[in-house]
Amino acid sequence: MSEATKTGHGNRPQRQPKRPKLPRTAMPCQPAERRATNFEEVTTGYDDEMAVIEASRCLLCKKPKCVDGCPVGIDIPAFVRLIEVGDPAGAIVKLKETTSFPAVCGRVCPQEEQCEALCVLGNKQEPVAIGRLERYASDWETAHGASVRPRTAPKQGKSVGVVGSGPAGLTCAGELAKMGYDVTIYEALHKPGGVLVYGIPEFRLPQAIVARECEYVESLGVQIKTDYVIGRTLTVDQMLADCHDAIFLANGAGLPSFMDIPGENLNGVYSANEFLTRSNLMKAYRFPEYDTPIAVGRRVAVIGGGNVAMDSARTALRLGAEVHLIYRRTRDEMPARSEEIDHALEEGIVFDLLSNPTQIIGDADGWVNAIEVIDMELGEPDASGRRRPVPLEGSERRIPVDVVIVSVGTNANPLLTRNTTGLDLTNRGNIIADEHTLATSKEGVFAGGDIVTGAATVILAMGAGKTGARSIDRFLQGRPLLTDQEEEAIAAAP
Amino acid sequence: MYKILGRVDYSADVFMQVIEAPAVAAACQPGQFIILMIHQEGERIPLTIADYDRESGTITIVVQAVGTSTRHLQTLGKGDSISNFIGPLGMPSEIENVGTVVCAGGGVGMAPIYPIARALKEAGNKVIAIMAARNESLLFWEDKMREVSDELIVTTDNGSRGRKSLVTEPLKELCETGDVNLVYAIGPGVMMKFCARTTEPYGIKTFVSLNSIMVDGTGMCGGCRVSVGGETRFVCVDGPEFDGHQVDFDLLMSRQRQYRSQEKESLDTYLSKAAVTKVALANSAASNAAACSAAAVAAHV
Chain F
927 MSEATKTGHG
937 NRPQRQPKRP
947 KLPRTAMPCQ
957 PAERRATNFE
967 EVTTGYDDEM
977 AVIEASRCLL
987 CKKPKCVDGC
997 PVGIDIPAFV
1007 RLIEVGDPAG
1017 AIVKLKETTS
1027 FPAVCGRVCP
1037 QEEQCEALCV
1047 LGNKQEPVAI
1057 GRLERYASDW
1067 ETAHGASVRP
1077 RTAPKQGKSV
1087 GVVGSGPAGL
1097 TCAGELAKMG
1107 YDVTIYEALH
1117 KPGGVLVYGI
1127 PEFRLPQAIV
1137 ARECEYVESL
1147 GVQIKTDYVI
1157 GRTLTVDQML
1167 ADCHDAIFLA
1177 NGAGLPSFMD
1187 IPGENLNGVY
1197 SANEFLTRSN
1207 LMKAYRFPEY
1217 DTPIAVGRRV
1227 AVIGGGNVAM
1237 DSARTALRLG
1247 AEVHLIYRRT
1257 RDEMPARSEE
1267 IDHALEEGIV
1277 FDLLSNPTQI
1287 IGDADGWVNA
1297 IEVIDMELGE
1307 PDASGRRRPV
1317 PLEGSERRIP
1327 VDVVIVSVGT
1337 NANPLLTRNT
1347 TGLDLTNRGN
1357 IIADEHTLAT
1367 SKEGVFAGGD
1377 IVTGAATVIL
1387 AMGAGKTGAR
1397 SIDRFLQGRP
1407 LLTDQEEEAI
1417 AAAP
Chain B
620 MYKILGRVDY
630 SADVFMQVIE
640 APAVAAACQP
650 GQFIILMIHQ
660 EGERIPLTIA
670 DYDRESGTIT
680 IVVQAVGTST
690 RHLQTLGKGD
700 SISNFIGPLG
710 MPSEIENVGT
720 VVCAGGGVGM
730 APIYPIARAL
740 KEAGNKVIAI
750 MAARNESLLF
760 WEDKMREVSD
770 ELIVTTDNGS
780 RGRKSLVTEP
790 LKELCETGDV
800 NLVYAIGPGV
810 MMKFCARTTE
820 PYGIKTFVSL
830 NSIMVDGTGM
840 CGGCRVSVGG
850 ETRFVCVDGP
860 EFDGHQVDFD
870 LLMSRQRQYR
880 SQEKESLDTY
890 LSKAAVTKVA
900 LANSAASNAA
910 ACSAAAVAAH
920 V
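One line per chain: the protein sequences are F and B, in this order. Under this note's numbering, the letters of the first sequence match residues 927 to 1420, in that order. Under this note's numbering, the letters of the second sequence match residues 620 to 920, in that order.
Incorrect hints may have been included.
Stated by the list, open to error - Sample of chain B residues with no beta-carbon within 10 Å of chain F, all distances over it, derived:
(1) D628
(2) R673
(3) S688
(4) I705
(5) E741
(6) D769
(7) E770
(8) L771
(9) G781
(10) E795
(11) N800
(12) F813
(13) V856
(14) H864
(15) Q877
As the list claims (entries may be wrong) - Straight-line Cα separation of at most 30 Å, DSS-like style, residue types lysine-lysine; simulated pairs:
(16) K989(F) to K947(F)
(17) K991(F) to K1084(F)
(18) K892(B) to K1209(F)
(19) K622(B) to K1209(F)
(20) K1081(F) to K1104(F)
(21) K812(B) to K740(B)
(22) K1368(F) to K1151(F)
(23) K697(B) to K622(B)
(24) K1151(F) to K697(B)
(25) K1050(F) to K991(F)
(26) K1151(F) to K791(B)
(27) K812(B) to K791(B)
(28) K697(B) to K892(B)
(29) K1209(F) to K883(B)
(30) K1104(F) to K1368(F)
Unchecked claim - Computed spacing ranges between beta-carbons, pair by pair:
(31) E850(B) to P949(F): 18 to 26 Å
(32) P1340(F) to R816(B): 27 to 35 Å
(33) E761(B) to Q1149(F): 23 to 31 Å
(34) G1348(F) to D869(B): 38 to 46 Å
(35) E850(B) to A1079(F): 49 to 57 Å
(36) M872(B) to E1052(F): 35 to 43 Å
If you are wondering where the hints come from, they were derived from the structure by calculation, not from laboratory data. Remember, predicted model here, so these are calculated numbers, not experimental data. By construction, the Cβ of each residue, glycine as well, lies at the ideal position given by its N, Cα and C atoms.
Produce the entire structure from the sequences given, and follow the hints as far as they go.
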């Protein structure tokens, strides 16, 4: 018996020592000039050969650090090894042991900050492209029409209501259904998927993939009720009293923030949420074939440096505008994924860095015609550790634009919380949930995802969905929410 | 899918529909609105609830056909369905016994003011209703309104029915009496603006119900933002009712015009498609000698 088997990775095939040093396999992409004019997916994915070569770079560490970097703890070396030996079907089974949505995670997870950041190979060369391999396995599954359906436990005769069908809600619902619970998801919009359908553009995450993931969750027995606004159509209190034994709240981040500068209510000023919702969810990019309009104009300013700002800028570009991205710090401080920033630059987005908007100027008809910005310089680091931008007095200048998209974050949406009794909130309006169990102050009600953490990533929301499902299961079985072992581990943690 | 149980046309442009939506009917209160989508390629349009019946699980809407969605909706009737119907949205009206309340409805605003007037009356208020329209053919629900009010004043711009005046004239006279404690004004932006301006010198609290452009209707997009007392508010979650003396109506109306050119383009596309389909179906109907109503034809567009 080999060492690897003894150390607990029994189902992971052994690898040959000494492998040639290969560079990280590049991701095939649509050329920048072509993709800037269409909404098709930017990256086209590895073919079989590329996937096998990239997978062969994995060192199959005995104590794989990459797994520690994964919020849901995927057995990364195992699935990578299965790809290497030409068994993508095995790889997808391995992936689905821990993640329900590899096609989504493989595309939108910030792997460079998570699994890939901890890859040992990354110390000397570039890390294994774990995310691209995850996507490869899920695309293989789709292409071959083989859907891996996990076994579900016998019916428990208990019912759980999940509020929101974004990544946290879908994950939680899927996990609970597998455990044998009757699960109903309530979605406020007309289509399930949450931020995956209204927020992330088609060119980064095709809606067909999200639709398939939702169908997968339904195939586990979950009922998805769209057009249900919890807090209005039905309250959490009513859900608990009339329909469900426990509730998972995963209603998302919600309300867009504006900057509180003059001119923000002019025509042509959008929140990123609105701009992306019109384009993605309502398909305004196909107006007038679809009925929802969108204003783009010739020049667009996008304010912000996060992934949502990049998505907005690249959407506006594809709708035919010249796009200026206005950010008050430098590229190094941008919260967006490096890959998204690179893609935006390649496509021709103009970055106006170290610039902060001071006002939006309108014409006589109430439409935007310019944005005024002031130059900034970086001073001392602030609480976030990033150097604080300081305005350079007298450096104001105007950029002529027809549309402004404000992408400076979101606040908690009060619609649900305001109509629920006994639910403790932070002073920012987010739901307070126990870090380890996601239990809220209200008996039988658990919460996770952006409504608890504020805007974060898809994979963190999925992690919360899993935790929520585990806690709800224990709650419904009348067991403690944490095992003794878990309590000890938490106590021992630094 | 949500079934349309019936349609009644009040004029060439204004119609009423009763839609089966039990969950919405169970929860809704006067002052709230819904969002509907006719089909999956459609837009989400907000409409104020004109009436509801919890027992039969239905919502009544009154719509003025102006753009693609409302023109399309106008072709649908009993037996047809729409793909989405979401609500109730927005905050309910604050219904209290305050004494005498004037409920002024202008144009299709006569519909949403009806359940508010009824609730105010049930709460013990003296309700004076003003129904205002450009001409007689645009008036509807006079009988319903009379039932829930102590006094009813009808005005038309051209005098074809009731008093020949704008809504603001009788409103001003009522304010002059000194007996009015509260005013509700619902209608087009300009009507609400001048109602609010009329009552302001008398210091009479005036609620208006704002009909801004929306997408989700749950606070997520911020497209419906308005300025109230100098602060930005979201109509969908903070409203739709606000203190009319604090609302920046010019901004509201400017923002309502935001998509005027696209709305025209969309309507032209819809009408030309509808016309083509109508001709094609009429031809096939003629050859098959099958009867085909215009409504059913357009429903297939």
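Comparing the hints with the structure gives:
For D628(B), the shortest C-beta to C-beta distance to chain F comes to about 23 Å, beyond the 10 Å cut-off, and the non-interface label holds. Every beta carbon of chain F lies more than 10 Å from that of R673(B), the smallest distance being close to 14 Å; the non-interface claim holds. The claim that S688(B) lies off the interface is violated: its Cβ sits roughly 6 Å from the closest Cβ of chain F, which falls inside the 10 Å cut-off. For I705(B), the condition that its CB be more than 10 Å from all CB atoms of chain F is violated, with the nearest at approximately 5 Å.
Once the 10 Å rule is applied to beta carbons, E741(B) is consistent with being away from chain F; the minimum gap is 22 Å. No beta-carbon of chain F comes within 10 Å of the beta-carbon of D769(B); the shortest separation is about 32 Å. For E770(B), the non-interface assignment is confirmed: its Cβ lies about 34 Å from the closest Cβ of chain F, beyond the 10 Å cut-off. Annotated as non-interface, L771(B) keeps its C-beta farther than 10 Å from every C-beta of chain F; the closest such distance is 32 Å.
For G781(B), the requirement that its beta carbon stay farther than 10 Å from each beta carbon of chain F is met, with the minimum near 35 Å. With a minimum CB-CB distance of about 35 Å to chain F, E795(B) clears the 10 Å threshold, and the non-interface call stands. Non-interface call for N800(B) relative to chain F: holds, since the shortest CB-CB distance, roughly 28 Å, exceeds 10 Å. No beta-carbon of chain F is positioned within 10 Å of the beta-carbon of F813(B); the least distance is around 20 Å.
V856(B), annotated as away from the interface, has a beta carbon of chain F within 10 Å; the closest lies near 6 Å. Distance check for H864(B) against chain F: the nearest CB is about 19 Å away, which clears 10 Å, and the non-interface claim stands. Remark: the non-interface label on Q877(B) conflicts with the geometry, its nearest Cβ contact in chain F lying 5 Å away (cut-off 10 Å). Restraint check for K989(F) and K947(F): satisfied, since their Cα atoms lie roughly 21 Å apart, inside the 30 Å limit.
This hinted pair does not check out: K991(F) and K1084(F) have alpha carbons roughly 38 Å apart, beyond 30 Å. Between K892(B) and K1209(F) the alpha-carbon distance is near 19 Å, which keeps this suggested pair within the 30 Å criterion. Between K622(B) and K1209(F), the direct Cα distance comes to roughly 25 Å. Compliance with the 30 Å bound is thereby established for this hinted pair. Restraint check: the Cα-Cα separation between K1081(F) and K1104(F) comes to about 9 Å, which is no more than 30 Å; the hinted pair holds.
Only pairs whose Cα atoms come within 30 Å are accepted, and K812(B) paired with K740(B) is accepted, the gap being roughly 25 Å. Using a Cα cut-off of 30 Å, the hinted pair K1368(F) and K1151(F) holds, with the two alpha carbons roughly 24 Å apart. Restraint check: the Cα-Cα separation between K697(B) and K622(B) comes to about 8 Å, which is no more than 30 Å; the hinted pair holds. Of the pairs offered as hints, the one joining K1151(F) and K697(B) holds, with about 25 Å between alpha carbons and a cut-off of 30 Å not exceeded.
Between K1050(F) and K991(F) the CA atoms are separated by roughly 15 Å; this keeps the pair inside 30 Å, and the hint holds. For a cut-off of 30 Å, the pair hint linking K1151(F) to K791(B) is broken: about 49 Å separates their Cα positions. Taking the CA atoms of K812(B) and K791(B), the gap is about 14 Å. The hint holds against a cut of 30 Å. Note on K697(B) and K892(B): the hinted pairing holds, with a Cα-Cα distance of about 23 Å set against a maximum of 30 Å.
Among the hinted pairs, K1209(F) with K883(B) is consistent with the structure: their alpha-carbon atoms are about 18 Å apart, no more than 30 Å. Annotation: proposed proximity of K1104(F) to K1368(F) holds, straight-line Cα distance about 25 Å (limit 30 Å). Between E850(B) and P949(F) the C-beta distance comes to about 56 Å, which lies outside the given range of 18 to 26 Å. With their beta carbons about 32 Å apart, P1340(F) and R816(B) fall inside the hinted range of 27 to 35 Å.
Between E761(B) and Q1149(F) the CB atoms are about 45 Å apart, so this pair departs from the stated range of 23 to 31 Å. Separated by about 43 Å at the C-beta atoms, G1348(F) and D869(B) satisfy the suggested range of 38 to 46 Å. In this structure the supplied range 49 to 57 Å holds for E850(B) paired with A1079(F), their Cβ-Cβ distance being about 52 Å. Remark: the range hint 35 to 43 Å for M872(B) to E1052(F) is contradicted by a beta-carbon distance near 56 Å.
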